[in-house]
Structure formats: structure tokens, C-alpha cells
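Kindly produce the complete structure, drawing on both the sequences and the hints.
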Amino acid sequence: MSSSFDLRVQTTISPHTGHPYHLETYPASSDLNRIIESATQSQKEWMRTTLDDRITKGRKFIEKFTALGNREAPATYDHGPLGYHNLAEELCYQMGRPVDQCWGEFRGFLQRATYMIDIAESCLSDVTFSDNQTGTSRLIQRVPLGVIFVIAPWNYPYLVMINSVLPALIAGNAVILKPSPQTPLTAIRFKEALNDAGFPADLIQVVHLSPPLTQYVVQHKLVNFVVFTGSVTGGKAIETAAVTAEGFKGVGLELGGKDPAYVRADADLKDAVIQLVDGAMYNSGQSCCAVERIYVHESVYDNFVGEYVNEVQKLVLGDPTNKQTTLGPVISIASAEKIRKQVSSAVQMGAKALLPEALYPKAESGTTFVAPQVLVDVNHTMEIMKEETFGPIVGIQKVSSDAEAIELMNDCEYGLTASIWTKSLDDFHTLKDQMQAGTIFLNRSGFFM
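Residue numbers (this note's numbering): -14 to 434.
Since the hints were made in silico from the structure, they are not lab data.
Derived SDA-like pairs: lysine to any residue, alpha-carbon spacing no greater than 20 Å straight-line:
| id | residue 1 | residue 2 |
| --- | --- | --- |
| 1 | K326 | P346 |
| 2 | K371 | V332 |
| 3 | K323 | T366 |
| 4 | K408 | S284 |
| 5 | K45 | M32 |
| 6 | K255 | K299 |
| 7 | K326 | A343 |
| 8 | K255 | Y286 |
| 9 | K326 | K371 |
| 10 | K347 | D304 |
| 11 | K383 | G291 |
| 12 | K255 | V294 |
| 13 | K323 | A338 |
This is the structure:
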């Protein structure tokens, strides 16, 4: 590995202040190799521990993280001290989500951790098959993969980390965890709670890496599996790096979406409006399974659009540390400008924006604050209905039939989640069998917290 990768500083800019919040230094190549080697050695010892012991430590981890969540740590940035931040405030400053909503991620984190620990024994136990006719038996034994490289995103860092890190450790693996440069402290806190619970220090390693260093770890011969959550472009790069590495290794990818919803004529409009506003706007729309396009049957279209706009107008865009704020900034100025460009392009092509920007004076060009927007008179020639937006924007299109809705929902290169809003369970099953999506919800969108 070239020494040109060595010792570079990573700066986390707080989205709502525009100031540096945290600094980390990339490891030197020699240090990174030692980190991977120490994780490998620790895993060889860890895999010999009993599953019961690993599960016990997992439950202890839940206790330690719960206590950690209420602890306040000093927080500083380049303009001076900010005082003390608990985990929710710390997360708010790193990625801009309203602080009260950050607590919801911790609740989901702990619920998922508890569930995965509860099912660990049944998932990891040996399975024996006996054949009475031949007098033979077969055994399926689940063994650890080795060293797992987890590349976590910034939009739901704790939730995504718990999905892969804890199961990997309980199964007997070591984990090298790379957090997003936007949320580096989340991985540090995660490791702290794991170590306090008795997981060996070298078993879970947190590394802050540049893109070239990340590729180096993906291709490292001692890394056995890679987990990545992020953009489609990023996922392709990770997969390419893994495929071209020496030997063979598995890759788990969870990538972007342009998730559709279909509101049928028989839908409960009040419930659909409330849930689809949340599905589109929560976390400022920065969710891989956010609702970004809605198709509504023509018989209920006008009522739905009117109520939807009224519900969106209840959102309060502002400083995410303020408890009254329900919609914070997006992650960066670059992201904000990309979102604004999508909206502007759609309007130039004939779309109508239903929310006056004057309602949101904080949403100025050159800032990370983006006004929520509802677009109608949209169609599939517009990027806003075809490409991921990752912002508090939704397009609503009128349809005349189930067939038209299904055709439009499937007219997209993404296929993460989708939802159908109807009172007919039979019709739901008929329609979902025609859809191209990994997860299809009935009368709900992706549940974030």
C-alpha cells in the first residue's frame, strides 16, 4: 500500500451551523494493516467462546448503551466549546436531524438489538437431519466468516450499524467499522458500549478512512466479507473493488431508492395523508426508503392533494436543536443545491409547486435548509419522478387505473420499497404481485422510528 494514503485529517461539518464539529485523522498504512491483523487474531480467539457467552455480552451491551445514551460528553468546535452533549444532541450536530427525533433512533436501535439477541440461538444453532432408511445423518453447522468490514451511512448510523455489527459479533466474527465522515462519533460510542460490555477491544475496530483507504480495506486479503449501506454509485464501487480483490469475498449491499406509493380510490385518505407526509418528509427526506413519488387515483386526487399540502404545512423548518423544529437541514450545501435543481428543472418542464417558498424564509440558496415541496402536474420525463432526490420533496401524479399506477411505479431503475393504500386485502395481493420492489407495504410506508 502506498504511503500517499497516510495521515490526512477528516473534518465533520455540522449541517446547521456550517462549522467543524469533529476531527479525525486517517490511519497510516502501517497502522491500518496492524488494525486488520489484530482484529484477525482476536477473532480466532472469539470464535472459540460459547454462543451463550456471546449472547450474555450482547445483553450487557444493551445495558451499557442505554446508560451511555443519557451521559453527556464535552463538545467543542473551532469557534469554542459548545458545552456538553448527550448522544441525541451529538447526533443532531453531526447530521442535522431534529434532536427530539434523534432519540427515536436510539429506541429503534435498542429494540433491534434486543430482537437480534433473542433470535441468535435459534439462528446460529446446529441443525441435524437424520435419514432412517439409510441410517445416516447430516449436520449443518454455522461457522463465523472471519473479519467483517462494515461501511455505515450518516442518515441512520445507529440503526444501520446495529443491523450488521451486533449479529456479526454474536456469530463469532470480528468487525472493522467505518462510520460516515459525517457521523464519526456514532461508531466511537458504539464501540465504547461494546467494550464496556466485555467484547474484546481488538474485536471491534473503528477506522476513519478516505475513499482510497476504504478500497484498500475492501480488497485486503484478511477481510472476509463487506457490508455497505449507501448510494448506488458507492455500492457499485464497493462491489467492483471486492470482485477484483485477491481471492473471493462476499458483499452485502443496501442502496438507494425512489420509492413509490399508490393511493387507490378506496383508501383511507386521512390515514394515507398523515403517513405519507411522514414517509416523505421524515429526516428531511434523507432515507433510502423515503416516499418520493405518489400516484393517486383520479377520483380522490383533488381531496388527497389538498389534505397532503395542509399536512406538510404543519412542518416547522429550522434549527434542529430547537425542540419546536420538526424539519431540519439536509446534510450539505451540495445536497441542498442538487435538490433545488431537481425542483427547478421540474417546474421549468411544467410541474407546479404547491408550497410558496416564502413560508420558509430559512431555506435560502447557499444554505443546507431546503423548503419542503409538493409538486403536481409531474410526469416521467422529469428527473424528480425518476432519480433519487434524498430531500423533503415529493411528486404527486394522477392515475386513472390500477394498471396505470403499477406501470408507473415499475418505471424506475430503483426497486427498494413501495406501498399500496387500499381497504381491499385481496386487491393488495393482486397488485403487489405485479410490482418490482423488494418490500411492499400495505397502508403504511417505511417505518423510521
